[in-house]
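Trainee: What follows is each chain in one-letter form.
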Amino acid sequence: MFFLSEPSGMKPELEVHPPAIFDGQQLWDLIALPDNVPIVLMLVLLIFYMWLAFRQAFANDRLIEQLEADPNLAKTHHRKTAPWHPSWDKTVSVWPHLLKREFLAAIIVTAFLIVWSVFLDAPLESPANPTLTMNPSKAPWYFLGLQEILVYFDPWIAGVILPGIIVGGLMAIPYIDPNPMGNGYYTWKQRKFAISIFLFGFLVLWVALVILGTFMRGPGWMFFYPGETWDHLKVVYEINVDLHEMFGITSAMGKGLFGGAVCLAYSAVAGGIFHALFRKSTMYARMSLMQYIHLQIFMITMMSLPVKMILRLAFNVKYVWVTPWFNI
Amino acid sequence: MAEKQPVPKDPIQTKSLSLPIFLASAVLMGSVVLAGYDEFFGRRPYKAIQENFVTVYSNYLDVLKPAQEKKLAKLKDSKAYKALEEKLEAAKEAMDAKVPAIADELVELQGNIDSLQGAFKNARAQLGAYRYSLETARSDERRETILGLMADVKATKLPVTLVTDGESKDLSLDFDEITTKLNAYKARKSKLDRQRAALSKPSSALQKQLDDFVVKNLDGPLPANVAKLMEKTNKGLLGSEGKGVTDILQIHIGEFDWVDRCESCHAGAREPVTMREWDINETTPGDEPVEMAGVWTTHPHKGLLEIHDPSRFGCSMCHNGNGRSVTSEHLAHGMNHHWLFPLTQRNPDAVEKEMGSFEAGCIQCHKDDIYLNYTPSPYVEMDEKGHGVRDDKGNLVEYERVSAFNEARHLFQFKGCWGCHRYEGVDTQGEEILKIKSELLTLDDKESRLAVSLKSERDLNAKRKLNMQISGIQTRRDEIVAKSMDLEKERQKVGPNLKNLKSKVRPDWLLPWLLNPREFRPTTKMPQFFKNLDEAQAKEHAMKIAAYLWQQSDIREDVGTYAPGNATMGEALFKKRGCLGCHTIEDNGVTIGDGFGTDLSYVGDKVEYNFLVKWIMEPDSGVMPNLRLSEEDARNVATFLKSKTGSGVNYETIANLNDPAFAAQGKALVSNYGCSGCHEIKDHETEGRIGTELTKEGSKPKERLDFGRLEHGFKRAHRYTHKAFFEEKLRNPGVFGKGKVYEDPDGLDRLKMPDFGLSEKEIVALSTFLQGSVETQIPEEFRYNPDERGKAIQKGWWVVKKYNCIGCHQIEAGVEPDLWALPQYVGKTDEGAKRSDSRPPSLLGIGFRTNPKWLADFLRNPTQTQAKLHGNGLRDYLDVRMPTFRMSEGEIQTLVKFFGALDSQSIPYVAPVLAPLTAQELQMARNVFKEVNCNSCHGTGDPAQKGVIAPNLEWAGRKLRSEWTSRWLADPAALLPGTNMPSNFLEEWRVIKTDGSIIVGTGPKEVRGQLRLKDSATGKSLKIPLDSIKERMFVRYLASSITGDLKTYKGDHLNLMMRYLHEAYNAGEVPIVTPK
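Read top to bottom, the protein sequences are chains U and C.
Counting from 14, one number per residue, gives the positions in the first sequence under our numbering.
Counting from 622, one number per residue, gives the positions in the second sequence under our numbering.
Be aware that one or more of the hints could be misleading.
Claimed, not checked - Within a straight-line C-alpha distance of at most 25 angstroms, the following computed DSS-like cross-link-like pairs (lysine-lysine) qualify:
{"id": "1", "chain 1": "C", "residue 1": "K1382", "chain 2": "C", "residue 2": "K1303"}
{"id": "2", "chain 1": "U", "residue 1": "K293", "chain 2": "U", "residue 2": "K205"}
{"id": "3", "chain 1": "C", "residue 1": "K1422", "chain 2": "C", "residue 2": "K988"}
{"id": "4", "chain 1": "C", "residue 1": "K1336", "chain 2": "U", "residue 2": "K247"}
{"id": "5", "chain 1": "U", "residue 1": "K103", "chain 2": "C", "residue 2": "K630"}
{"id": "6", "chain 1": "C", "residue 1": "K1006", "chain 2": "C", "residue 2": "K988"}
{"id": "7", "chain 1": "U", "residue 1": "K93", "chain 2": "C", "residue 2": "K630"}
{"id": "8", "chain 1": "U", "residue 1": "K113", "chain 2": "C", "residue 2": "K713"}
{"id": "9", "chain 1": "C", "residue 1": "K1423", "chain 2": "U", "residue 2": "K151"}
{"id": "10", "chain 1": "C", "residue 1": "K1114", "chain 2": "C", "residue 2": "K1336"}
{"id": "11", "chain 1": "C", "residue 1": "K713", "chain 2": "C", "residue 2": "K812"}
{"id": "12", "chain 1": "C", "residue 1": "K630", "chain 2": "U", "residue 2": "K88"}
{"id": "13", "chain 1": "C", "residue 1": "K1651", "chain 2": "C", "residue 2": "K1641"}
{"id": "14", "chain 1": "C", "residue 1": "K1422", "chain 2": "U", "residue 2": "K247"}
Read the hints as simulated data drawn from the structure, not as lab findings.
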């Protein structure tokens, strides 16, 4: 009887099947999930655009070097970006040269989105079952990084404070580093600090966490290598301990003071290291005190995330600072 | 500069992007086209399906129409049709004789009415306008003027043309004259209309009768209706609303916004013809089966759709799936991950042949029903071409099927699943008792508080009130205490009571039984435990449990020592007394009897003789009733049963059987395996159920079903479903323990569910039941919510099933107990003897027949008298015996209500008051009784009476409902088809034979082509072949011929006899016995 009965020839699978080390089917199911396609696309596009941007930036850097070495050339007619030729117009007008390229891009993106929407439906799922929380229950893909941070911090800190500070900090880069160089052209040399900090924040603390959350977190938010069968019966022995417990501190007051002291010490050490690294840069020289303080605060906060991750993953530290109001 | 380097062109300014833009635009256009295609076809696969359906359906109708025409022609040739047709023709002729004159006059009248109407309407409109002005006029002058104008209108003569007797006359009439005439004409017209309707009534009634006859006897639709369908289909219209083939066909239930679009693909589901898969394959050209034949079939069970009208219930309410989705089969059937209500699955073909599919959907609404009056449509096999398999005559080979619902309900109850698993509505007594206990506490508390205030109260009126309240509480307490005692009595575990095991069985039988019960008795309900243990450990567990059970047991004190009986007589008794109504036994290599109770084929290998004798005389636990056997009879039966040996059981003595330390280890095991779920065991009475609750098991998330280490295998095989889980678990309860590491050296951490040895059909039935046990999405008002009567039937079935009334009695028309087919119950076949039947009586109509009060009394004590301790009270003549059941009062009332409800009787029953018999009437009734010789068949309770084949009339008055008795006396066969009671016995008939001879006789009854009646002249019974009878006619009531002076009796003779039986006839009346 056509499709209503169970697939014929499928004998009851009554033998024990251990979870596979490489489960191609499951990996493909994960990748092909409409929800996850943007993440895979993002990976590819990110690499492509990084390559494109850095190729341009390095070409421009070479041009800048040439211009700096040859003041005559710098004074004559030239463009700031590669490729260039002395005889070419120094500037190119937006219309039609930029707009027609943007128009082309718009057409391509529109066509792409239409085709995408035809073949991949919106990843809406069936009505929620109030008695069952799905396992793993995952946020939309762009929030998976945040969900991953939840593993390491309190919801309030992981969900609000840290992302707020990190995003705010990334947005504040142009104000902390008001270097006018690099406006209108790609360059690495002239904006090393801004670019590397941004990329660290975006690539490591955002994209990498999204990918980790999507492909490597299975049932129970447990870690699975990409391709390993997700087994919701998996049991892992892992006991995380608060830092103060490691030192045998039990009193409430002691806990609070100890945690606070450790956090202060971390801030001091991180600030010190950062200061030592940063002190000699030209940027340091032209910064105001206010800018520098902000920079330090943002840097210390941002770095606390990877530090805490390492503490948790390598040393099973649950929280560093436990207070009745918040845990860090 | 002479040498000019060629200047490279600026790529930004000079590069033409025309080609890329052109190409990209082309791609964009292409994507828009793709989106359009997707929108109109890709997302609407049902369009193509509907188009193909129309082709297939037209093909089918093309074949169906001539076939139906042929059938109709044949039907029209039949005698019955022709007779009806002749009658119709005659009626039409009669009508035609009178109708034309009326019709002519009506035409004339209508013409006159029309003519008058024109003038009348015009004038009335004018008058109406003036009236408005008159009512709103502001001055008397104005009023005067208007009144004048109105008078003018009324006085104006209007020209009208009237026709009388064919002559046309032009008249001139004023308004009042017109009104009078018009009313007269109208009255005449409606009178004529009524006359015409009355004249055509006989012919239209006959026409309807003829149409009904055709519809009823023609197998399939009328050719005319098929033609209508063809017309519709050829236009490409579908569904009841006749939508075009590109439309979504949807059912929308507005009350709670339920949308089902299933018919968009399953377009044939509600078509008024029957078109099944094989019909489609057979009528579609080509040898290959039609791929979508299963999609387009009409609903296989039209009767179900009549009760559950799809326009009110939709499709997915029963079948599940996602009714809104039409984009793909996968989504529409709700097969996507996590959809809460995936489509109910079809059973495997092997099971499909025996049992209906899809019944999981029934359970969610019919949760409280224990028995559904439902038979699935028969199964038809298809060959490789998809054609139905036919027999030599060309008829489809149909396999009768049973309802999975009924099968599962029965199994769940009968196999005792509820011993370990709670299921709402099953075995509720324990919970009710707990409730009553807590209510008792509150009542006690309340009473003591009231008592305290009563003591201190001085106001007499307040005292009176307090006293009343206290007495109310006391009444309520008595009531619920009685109820709880009732419930204790009702509480019946599925297995036998083990509290007197020691008296009952051989000790060396225990071990082989516990290890593998089905080896000793293949049909036993007792499941096989210890299958998840290794052999040595299994044996150890069995021995410990045996020792514990042995030592907790008491010895039944009242068991004496009995001399052996006569096995041959015992066998006869066993086979005739009704034991086979519940028990099976091996009889010369064949198993006979009803499988409700224990199979007794090898019971001799197990039980102790003395216990058996006592048990047969006085069973003291379980549902086994007391058959009121004398000790001698009991000894005979016990001796017979004791001789039933030969199971080949390997007796094994348990060395430590009486070692208390050994038994103590068994106690934990008894708790571990939940033995007390099915057996009464000392000190384990209050143990709870050890299994999981199953009431909502079907909607338990899959993730919470314990697939164990097999989960990945099931996922890979796409069998990660409830269905697969239930079925595998039932097939092999230990299967999901595979691959798990167990560490308890005592083996107590293994899966505990024992193996019930279920057949494939039973497995699928139970799995269907569990799949249907869900938290339903269907709103309350759509679920089956029976009225008082329906509830009484639901509750009654529980009791009927519990005591297996259907083992001996017929309760549902068409379903006969197995017992009735046994030769010893079919009765004697020799023509001479009157006794033709020794079967337990049919209970069809019992609710209408009996007075509920008597019925309850009868159930309490079927003998009705102390004198008949070892016999039947009502039907002394039967060998089979109505046993005395240990029913609780509640169960008795439930049964009585059940029978009443089955026969649509109102509850409570109020007996009508009968007019007392006058002395004269009494005398006449006695004479009739004597003349008809009722006691030649009906018993009197006198053991010397011979030839009794009908119930004792002693209790007729108490037992029967008088309204039933009157009807019964008039026409017994109409109340109980197949009864021995003769019809018309109070009447005298004259039979004129074809040879001209005339016979006058009483009690005519047609049997096998013969008319039997008692010749009034000779008193002999005559058998006259029906084809030698020319005419028969009713002469008179027999009663009037008995005593001359009663000829003047004006009353109804049947009524008289009814009153006699109800009022006067009793043990005190001297019965007239006619020995034969």
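Trainee: Now tell me, hint by hint, if it's right for this structure.
Mentor: Here's how the hints hold up against the structure:
{"no.": "1", "hint": "C:K1382 x C:K1303", "verdict": "36 angstroms, violated"}
{"no.": "2", "hint": "U:K293 x U:K205", "verdict": "14 angstroms, holds"}
{"no.": "3", "hint": "C:K1422 x C:K988", "verdict": "16 angstroms, holds"}
{"no.": "4", "hint": "C:K1336 x U:K247", "verdict": "16 angstroms, holds"}
{"no.": "5", "hint": "U:K103 x C:K630", "verdict": "14 angstroms, holds"}
{"no.": "6", "hint": "C:K1006 x C:K988", "verdict": "40 angstroms, violated"}
{"no.": "7", "hint": "U:K93 x C:K630", "verdict": "17 angstroms, holds"}
{"no.": "8", "hint": "U:K113 x C:K713", "verdict": "90 angstroms, violated"}
{"no.": "9", "hint": "C:K1423 x U:K151", "verdict": "51 angstroms, violated"}
{"no.": "10", "hint": "C:K1114 x C:K1336", "verdict": "39 angstroms, violated"}
{"no.": "11", "hint": "C:K713 x C:K812", "verdict": "21 angstroms, holds"}
{"no.": "12", "hint": "C:K630 x U:K88", "verdict": "22 angstroms, holds"}
{"no.": "13", "hint": "C:K1651 x C:K1641", "verdict": "21 angstroms, holds"}
{"no.": "14", "hint": "C:K1422 x U:K247", "verdict": "47 angstroms, violated"}
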